[in-house]
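These protein sequence lines map, in sequence, to chains A and B.
If you read the first sequence in the working numbering, its first letter stands for residue 1, the second for the next number, and so on.
If you read the second sequence in the working numbering, its first letter stands for residue 1, the second for the next number, and so on.
I should point out that these hints are in silico values taken from the structure, not numbers from a laboratory.
Treat the hints with caution; some may be incorrect.
In the SDA-like style, the derived pairs of lysine to any residue whose C-alpha atoms are separated by at most 20 Å in a straight line are [as the list claims (entries may be wrong)]:
id, chain 1, residue 1, chain 2, residue 2
1, B, 143, A, 444
2, B, 52, A, 194
3, A, 169, B, 424
4, A, 71, A, 127
5, B, 342, B, 393
6, B, 403, A, 324
7, A, 403, B, 41
8, B, 134, A, 127
There are 2 protein chains.
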Amino acid sequence: MTSKRNVYLDTQPIETARQILMDRFKDRVTDVETIDVTAAQGRVLASPAIAKLSSPNFHAAAMDGMAVDAKQTFGASDDAPKVLVPDETGFWVNTGHALPPGTNAVIMIEHINIIDETSVEIEAPVFPWQHVRKMGEDIVATKLLFPRGHQINAYAMGALLSGGVFQVKVYKKPRILIIPTGSELVQWHETSLDQMVPGQVIESNSTVLKALCRDNGAVADRHPMLKDDLETITTAVDQAVKGEYDMVCIIGGSSAGSEDFARPVMASLGRVMVHGVTMMPGKPVLMGDISGKPVFGIPGYPVSAIVAFEQFVGPLLRFMQKLAPVEDRFEPVALARKIASKLGQDEFLRVKIGSVDGRLIASQLPRGSGSITTLTEADGIIQIPKDVEGISETETPTARLLKPLSAIENTLVITGSHDNTLDLLADQMRRDHDGINISSSHVGSMGGLMAIRNNATPGRGSISRPRRRFL
Amino acid sequence: MTSKRNVYLDTQPIETARQILMDRFKDRVTDVETIDVTAAQGRVLASPAIAKLSSPNFHAAAMDGMAVDAKQTFGASDDAPKVLVPDETGFWVNTGHALPPGTNAVIMIEHINIIDETSVEIEAPVFPWQHVRKMGEDIVATKLLFPRGHQINAYAMGALLSGGVFQVKVYKKPRILIIPTGSELVQWHETSLDQMVPGQVIESNSTVLKALCRDNGAVADRHPMLKDDLETITTAVDQAVKGEYDMVCIIGGSSAGSEDFARPVMASLGRVMVHGVTMMPGKPVLMGDISGKPVFGIPGYPVSAIVAFEQFVGPLLRFMQKLAPVEDRFEPVALARKIASKLGQDEFLRVKIGSVDGRLIASQLPRGSGSITTLTEADGIIQIPKDVEGISETETPTARLLKPLSAIENTLVITGSHDNTLDLLADQMRRDHDGINISSSHVGSMGGLMAIRNNATPGRGSISRPRRRFL
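Kindly generate the complete structure, drawing on both the sequences and the hints.
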């Protein structure tokens with residue numbers, strides 16, 4: 001083993017890295033395909049959808065009753081009822097039926113006195129078009145239903161079919177190949193836990209990234225795991241880029257160590273645009289251009305991998321198919337303790353959030369980029385900008401929520417020493433009091449006392465009152 | 001055709017109808033199945049997930065460099081460097097490697113002077129566990145990873161795999177059969193638009209409901225369309241309930257007309273629990289219990305069908321698999337004009353929403369429950385409670401947003417006469433200025449002038465300044 005090292009040549013702030021990506025790939029929108037409307041949920045229109053059929057496509061009864069020419073009813077009153085003859089001057093209709101020719105109104109069944117099979121009586125007139133859904137009331141043929149760029153949801157599928165549009169042109173889902181690399185990795189389905197030896201790690205990043213791709217409308221394939229070997233990684237990336245894939249993510253080896261091959265692979269096949277972003281976690285991210293296709297080197301630490309994906313890969317995947325950016329929910333939070341942060345890098349700080357006396361209180365989770373549980377336990381992420389050295393208790397930074405606000409508000413916050421019985425209790429609560437969560441922060445006894453002093457956790461007798469959820 | 005009519009026997013307020021549903025079906029949680037974690041995105045844990053493996057499962061180098069027993073480095077300084085012998089007193093490691101036996105710290109590569117193949121020099125000591133990720137730093141085997149009821153997202157999949165949990169017990173996705181009924185219906189894939197005759201309607205509700213089921217984690221099948229015929233509908237429902245389905249939705253015929261068969265079907269096979277809910281649209285909804293399984297009669301008007309689904313079917317589907325309720329976004333809105341509403345029924349009023357001078361202004365869309373476009377054009381829904389007769393311009397009701405707030409804020413609001421060129425412009429804007437929308441309300445010239453007077457639309461020269469979106 002040698003001590004040879006590459007260097008980060010192109011470390012960039014987040015905004016600059018994004019701009020470089022966008023400038024380079026602004027034309028890489030995916031191709032257009034024509035698909036059935038019934039298969040188009042979630043897809044984005046690549047051309048405007050114009051109605052081909054009016055809806056309704058005829059004048060339709062809006063009530064159950066008798067269709068008539070309104071003129072026939074004029075003058076009818078209690079004193080002078082009018083008689084109508086079924087199938088001659090009046091026609092039984094149910095809601096939705098086409099008005100028979102010559103009719104233009106519907107008398108509600110409740111207002112009709114049936115005399116016998118051949119005559120009925122009415123005691124009030126109807127006006128023309130009363131209780132009628134006129135042709136085109138909902139949709140007029142030739143009308144623009146949706147402009148290009150519109151994302152098709154369940155409602156839109158109904159409008160398209162009703163408007164006689166059965167196929168639509170949409171952007172293809174981007175296809176992405178995820179290549180996990182690292183000689184230390186083992187595959188979960190080939191692993192017996194008893195036989196793992198020190199140094200082996202279960203490969204999990206490709207599963208996480210595939211799921212995140214799905215969340216962003218893309219179709220991800222996983223390449224079989226590769227050892228840290230320049231040649232095999234180069235071959236795999238080369239084939240993927242020459243093939244059907246719109247994007248490639250190499251996981252692992254994106255840093256500047258002696259066995260980090262993502263950069264040399266990228267440099268040999270194409271061009272490295274960014275190596276290193278001033279953010280934590282996720283600094284050793286690599287962005288390149290191979291034959292005009294985006295190729296990313298994703299750091300191997302799980303939190304770094306996710307941050308790199310969410311900052312760059314996900315937004316680019318959405319852009320490629322014209323999906324609107326994810327609408328995150330942000331809320332101001334108070335801090336349980338002040339937070340220090342390094343100048344010169346944006347930090348994505350994972351926090352637990354509890355609702356205490358109507359305020360949202362955030363407490364910091366461990367910062368390690370290798371700890372996936374700092375993300376799964378987090379209720380939110382505070383992004384501390386690179387020109388900020390820290391946040392004091394008197395500030396109220398904004399947190400991106402990772403859980404619905406109602407879930408945070410329905411959480412019982414417990415701060416103090418770790419006690420395994422709290423884990424058992426958390427699970428029991430889910431069984432017996434569905435929708436109520438327990439969140440315990442393990443900060444030690446002193447930390448718990450400090451939290452009470454700072455009003456960052458409810459003191460004795462004032463725990464939050466979680467709300468019951470419906471159904 | 002006869003004038004025979006059924007009656008609504010059991011019209012209930014929304015809350016009561018929900019309570020009846022919940023009381024009856026609170027035990028109908030779906031069965032549990034064991035699946036691979038890699039296939040578990042979005043699913044809900046039916047039993048707690050306990051880590052089987054620590055992560056890391058060994059003491060791991062957190063930096064590239066040399067692993068040593070920290071004691072060996074004590075006393076090293078500029079003046080008195082210490083010499084280490086590779087493979088004897090120090091061991092080259094890369095980030096992530098297991099520490100060799102007997103070592104407990106890592107010296108960063110940057111702090112090592114290489115003398116030759118057999119000796120290196122250091123000028124500062126390291127302390128025990130410096131630059132080491134200790135075994136269990138992220139996950140300790142036996143620890144509770146997630147309690148039952150936890151929904152598995154991408155992050156959680158990573159934590160589960162890292163913790164040696166490769167399969168999980170989750171609730172099955174509910175299976176639902178959707179049966180479109182109505183003699184007036186035609187299937188889109190069997191329809192030639194030229195050959196449609198008055199009275200025929202393209203069946204679209206089953207597609208909309210299937211998509212909504214998917215949004216709620218359920219798997220929906222569509223039964224071939226059925227005519228309004230008591231016997232065939234009865235047979236279809238009977239078979240579905242006796243088969244694998246957890247729920248059945250009959251679309252159409254849920255009202256009390258002479259050809260409305262959903263209620264008689266339900267009454268003959270089981271029990272009708274609710275017929276009619278005091279809401280608009282969606283009043284003629286039908287809820288029944290056949291052999292302990294929920295069966296719904298869904299009104300055939302498209303907006304009624306969607307409201308009935310969203311108020312009752314969707315929440316029950318989520319409950320059955322322990323999925324948390326949808327977290328809707330609500331925002332206070334000002335009204336462009338006062339709104340009247342009938343006492344005695346909750347109304348779901350579709351509104352367009354524009355951001356004018358920093359306020360959200362809502363204007364009412366047509367109320368017809370047959371017009372699906374009132375939903376596709378809506379930016380939000382205001383629920384007017386049944387004990388409220390209307391809302392004045394001075395009130396600020398709360399609207400459930402149907403679109404991301406950013407999309408509403410990036411929309412250019414145009415109020416006035418309808419002009420087809422606005423439709424063309426809306427489409428061009430999407431092509432040339434991605435992320436910016438045009439929304440035109442067609443209320444006539446006078447309506448436009450009134451909107452300006454009420455500050456409900458920007459006057460000349462003060463149109464909103466939509467923001468550009470990233471990437």
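How the hints compare with the structure:
1. At most 20 Å may separate the alpha-carbon atoms for a hinted pair to count; residue 143 of chain B and residue 444 of chain A meet this at roughly 18 Å.
2. For a cut-off of 20 Å, the pair hint linking residue 52 of chain B to residue 194 of chain A stands: about 10 Å separates their Cα positions.
3. For the given pair, residue 169 of chain A sits about 18 Å from residue 424 of chain B by alpha-carbon distance, which is consistent with the 20 Å threshold.
4. Under the criterion of a C-alpha separation no larger than 20 Å, the hint pairing residue 71 of chain A with residue 127 of chain A is consistent with the structure, at around 8 Å.
5. At roughly 17 Å between alpha-carbon atoms, residue 342 of chain B and residue 393 of chain B fall within 20 Å of each other, so this suggested pair holds.
6. Between residue 403 of chain B and residue 324 of chain A the CA atoms are separated by roughly 11 Å; this keeps the pair inside 20 Å, and the hint holds.
7. Of the pairs offered as hints, the one joining residue 403 of chain A and residue 41 of chain B holds, with about 16 Å between alpha carbons and a cut-off of 20 Å not exceeded.
8. Between residue 134 of chain B and residue 127 of chain A the alpha-carbon distance is near 83 Å, which puts this suggested pair outside the 20 Å criterion.
In terms of the numbered hints stated before, the structure departs from hint 8 and from no other.
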